[in-house]
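Protein chains: 2
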Amino acid sequence: MNVVNVINDIHSATKEGISEVYLVACGGSLVDMYPTKYFLENEAKKVVTGLFTANEFVHATPKRLNQDSLVIVCSHGGNTPESVEASMVAKERGAHTIGLTHNQEASLLNYSDHAFVYEWGSESDVKNNPMAIILQLAVEVLYRTEGYDHYDAFQSGIGKINGIIKNGEQLVEKRTKEFANKYGKEELFYILSSGASYGHAYGFAICSLMEMQWLDAASIHSGEYFHGPFEVTDKETPFILLMNEGRTRALDERAKTFLQQYAEKVEVVDAKELGINTIADEVVEFFNPILFYSIMCVYRQALADVRNHPLETRRYMGKVAY
Amino acid sequence: MNVVNVINDIHSATKEGISEVYLVACGGSLVDMYPTKYFLENEAKKVVTGLFTANEFVHATPKRLNQDSLVIVCSHGGNTPESVEASMVAKERGAHTIGLTHNQEASLLNYSDHAFVYEWGSESDVKNNPMAIILQLAVEVLYRTEGYDHYDAFQSGIGKINGIIKNGEQLVEKRTKEFANKYGKEELFYILSSGASYGHAYGFAICSLMEMQWLDAASIHSGEYFHGPFEVTDKETPFILLMNEGRTRALDERAKTFLQQYAEKVEVVDAKELGINTIADEVVEFFNPILFYSIMCVYRQALADVRNHPLETRRYMGKVAY
Chain P
1 MNVVNVINDI HSATKEGISE VYLVACGGSL VDMYPTKYFL ENEAKKVVTG
51 LFTANEFVHA TPKRLNQDSL VIVCSHGGNT PESVEASMVA KERGAHTIGL
101 THNQEASLLN YSDHAFVYEW GSESDVKNNP MAIILQLAVE VLYRTEGYDH
151 YDAFQSGIGK INGIIKNGEQ LVEKRTKEFA NKYGKEELFY ILSSGASYGH
201 AYGFAICSLM EMQWLDAASI HSGEYFHGPF EVTDKETPFI LLMNEGRTRA
251 LDERAKTFLQ QYAEKVEVVD AKELGINTIA DEVVEFFNPI LFYSIMCVYR
301 QALADVRNHP LETRRYMGKV AY
Chain X
1 MNVVNVINDI HSATKEGISE VYLVACGGSL VDMYPTKYFL ENEAKKVVTG
51 LFTANEFVHA TPKRLNQDSL VIVCSHGGNT PESVEASMVA KERGAHTIGL
101 THNQEASLLN YSDHAFVYEW GSESDVKNNP MAIILQLAVE VLYRTEGYDH
151 YDAFQSGIGK INGIIKNGEQ LVEKRTKEFA NKYGKEELFY ILSSGASYGH
201 AYGFAICSLM EMQWLDAASI HSGEYFHGPF EVTDKETPFI LLMNEGRTRA
251 LDERAKTFLQ QYAEKVEVVD AKELGINTIA DEVVEFFNPI LFYSIMCVYR
301 QALADVRNHP LETRRYMGKV AY
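Here the protein sequences line up with chains P and X, keeping their order.
According to my numbering, the residues represented by the first sequence are 1 to 322, in order.
According to my numbering, the residues represented by the second sequence are 1 to 322, in order.
Calculated from the structure, these hints are not laboratory results.
Check the hints yourself; a few may be wrong.
Just so you know, same-sequence chains aren't split out, so a pair can sit in one copy or run between any two.
[To be verified] Using 25 Å as the maximum straight-line C-alpha spacing, the simulated BS3-like pairs for lysine-lysine come out as follows: (1) K272 - K166; (2) K160 - K319; (3) K166 - K45; (4) K256 - K160; (5) K265 - K235; (6) K127 - K319; (7) K272 - K182; (8) K235 - K319; (9) K166 - K127; (10) K319 - K265; (11) K182 - K15; (12) K272 - K46; (13) K166 - K91; (14) K256 - K319; (15) K265 - K160; (16) K45 - K235; (17) K63 - K265; (18) K127 - K185; (19) K272 - K174; (20) K185 - K63; (21) K174 - K160; (22) K319 - K15.
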């Protein structure tokens, strides 16, 4: 499917243009939607957005949901019951649905007016992965409904980000091994970030560490860190700071300064140092999380290797009833 | 100040009614705004809402912010620099501002068109505390701009919640001591909840445990638990589940069933069992977090007593530069 055509089709079918973009998923797929929530919440003057874990969307469906709403649902396996049901609910309310999945046989596709069966794996161009597809859909909605001054800059960024990532992955290869050797015996990590990347701080905590490594973890927004969480800071507790380029960098820098003074186990992953600045200033912030996801995959692989705990190991997910 | 008069004044000063309600604060004050974000996101058909940690609102101010927007800023001490600045930014953009603080001399008041210097402490009626004031403001905005079918039921709930809490505090007194004796040596807690109360799961983690007890902690949305976080569940890890009454109860019940099977250190705090059901079904869910805040204060006091770590002890906040 083509992003431009899909949004044009939906736009044409609405009365006065797409009025809401609801982003609905669970876990890692929800994480992939956070940059889009941040983008629309910051850049839109008319289009409304909302980010919902699927089961909450099903049980407490927003009254605003209407026939001019677009509901984007993502499920990697395509059969997550609450995500499929969320898509059903959206259709029952007359909303337009787009489903994203890696599974051509997904139940989700039964309730998707438009579908993206996306590429996956380290060989794919990240612009064809769900995080970037969803962001491109939102940019297209904004452009089509109310205009977006930085549309061309954004498209140029989409053309560059995969190359930046490939370079970045090589740059961090050695340091991820050092990280894993240094912190391989830790049992808890705090992950800090801000802006468009906060969702990936959450994602690295719940997916990469809790789910895939059975490690304790929590995300902390860099802006919130100073209003409670920083009291746990000491020389024994490990922190990973994902430093954005763009408007919220000041928040991450403040956290970095504090951590450098009061903590000792600090890993800084800096999008600027990894070369994200070839993307235009006006849009660069939205690309930080796309970079961070790929870079943090190298970190988690290194950690999994040192800990001898393969990333695929589960004790509950897909194994017991829940 | 009177909630009805303030909203009437602001409404009259807008062109076509209040179009956005932005909720901006840090840490514990931001937590107090979450129920209002949930309320408006779920109940409003026109009014838009957004919840922002103050420094992100300052650095990445939403383009939507305009002269018909209402920006509510809360700071207990009233001088949190980024909250004061957020209020300044809102005023510069021509928006209407309401400031809430416990400090009559607060800098925040210099940038607040309307102010609530609120009551605080266990002797105050919770309807005069910031969480309930902000929720009442939002209900008034909704009622005034687009109507709200359950306005009377909500006002009736406001009249009842303090009594429910007083009963609830007595009900849990003994069990909080048992909890503290049982878990006083634990070093990490996960706090689960959903719906309007998810913000208080976050708040108990970052304020009560991390800030006031220097304990590791993280909140988990009950709906998200099954999509990653539950893989850390075992018989050694403590979980606190705040069970809502209302539409998202099914999410909390699902988490409870799983925890009862695979975990052993589980504390369930159930709003239903604590008597919240005297409030009407249509609005009860919005009152869960008001109850939970007060009830969890009893829990944290019991924990502080057993741990011999007073709730006021800080090592960084207000003590070092940051």
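Now the hints, each set against the structure:
1. For the identical chains of this complex, K272 and K166 are intra-copy neighbours only, at 15 Å inside a copy versus 53 Å across copies, given an alpha-carbon limit of 25 Å.
2. In this homomeric assembly, K160 and K319 never come within 25 Å of each other (Cα to Cα): the closest approach is 40 Å inside a single copy and 45 Å across copies.
3. Neither within a single protomer nor between protomers do K166 and K45 lie at most 25 Å apart by alpha-carbon distance, with minima of 35 Å and 44 Å respectively.
4. Proximity of K256 to K160 under the C-alpha cut-off of 25 Å is found in neither arrangement, the shortest distances being 28 Å within a copy and 46 Å between copies.
5. With identical chains, the CA atoms of K265 and K235 are at most 25 Å apart within one copy only, with a shortest distance of 6 Å there and 28 Å across copies.
6. Taking CA atoms no more than 25 Å apart as the test, K127 paired with K319 passes in neither setting, with 32 Å inside one copy and 46 Å between copies.
7. In the homo-oligomer, the alpha carbons of K272 and K182 lie at most 25 Å apart inside one protomer (24 Å), although the nearest pairing across protomers, at 47 Å, exceeds that limit.
8. In this assembly of identical chains, the alpha carbons of K235 and K319 lie at most 25 Å apart only when taken from different copies (18 Å versus 38 Å within one copy).
9. Proximity of K166 to K127 under the C-alpha cut-off of 25 Å is restricted to the intra-copy arrangement: shortest distance 13 Å within a copy versus 55 Å between copies.
10. For the identical chains of this complex, K319 and K265 are inter-copy neighbours only, at 22 Å across copies versus 35 Å inside a copy, given an alpha-carbon limit of 25 Å.
11. For the homomeric pair K182 and K15, neither the shortest alpha-carbon distance inside one copy (58 Å) nor that between copies (59 Å) is at most 25 Å.
12. Taking the closest pair of Cα atoms, K272 and K46 never come within 25 Å of each other, the shortest separation being 31 Å inside a single copy and 39 Å across copies.
13. Within a single copy, K166 and K91 get their C-alpha atoms no closer than 39 Å, and across copies no closer than 44 Å, so neither meets the 25 Å cut-off.
14. Taking the shortest alpha-carbon separations for K256 and K319, only the inter-copy value of 18 Å comes in at or below 25 Å, while the best intra-copy value is 40 Å.
15. Within a single copy, K265 and K160 get their C-alpha atoms no closer than 33 Å, and across copies no closer than 49 Å, so neither meets the 25 Å cut-off.
16. In the homo-oligomer, the alpha carbons of K45 and K235 never lie at most 25 Å apart, since the shortest distance is 45 Å inside one protomer and 49 Å across protomers.
17. Taking the shortest alpha-carbon separations for K63 and K265, neither the intra-copy value of 46 Å nor the inter-copy value of 38 Å comes in at or below 25 Å.
18. In this assembly of identical chains, the alpha carbons of K127 and K185 never lie at most 25 Å apart, being 35 Å within a copy and 48 Å across copies at closest.
19. In the homo-oligomer, the alpha carbons of K272 and K174 lie at most 25 Å apart inside one protomer (18 Å), although the nearest pairing across protomers, at 53 Å, exceeds that limit.
20. Neither within a single protomer nor between protomers do K185 and K63 lie at most 25 Å apart by alpha-carbon distance, with minima of 48 Å and 45 Å respectively.
21. In the homo-oligomer, the alpha carbons of K174 and K160 lie at most 25 Å apart inside one protomer (24 Å), although the nearest pairing across protomers, at 61 Å, exceeds that limit.
22. Neither within a single protomer nor between protomers do K319 and K15 lie at most 25 Å apart by alpha-carbon distance, with minima of 46 Å and 57 Å respectively.
The earlier numbered hints that this structure contradicts are 2, 3, 4, 6, 11, 12, 13, 15, 16, 17, 18, 20, 22.
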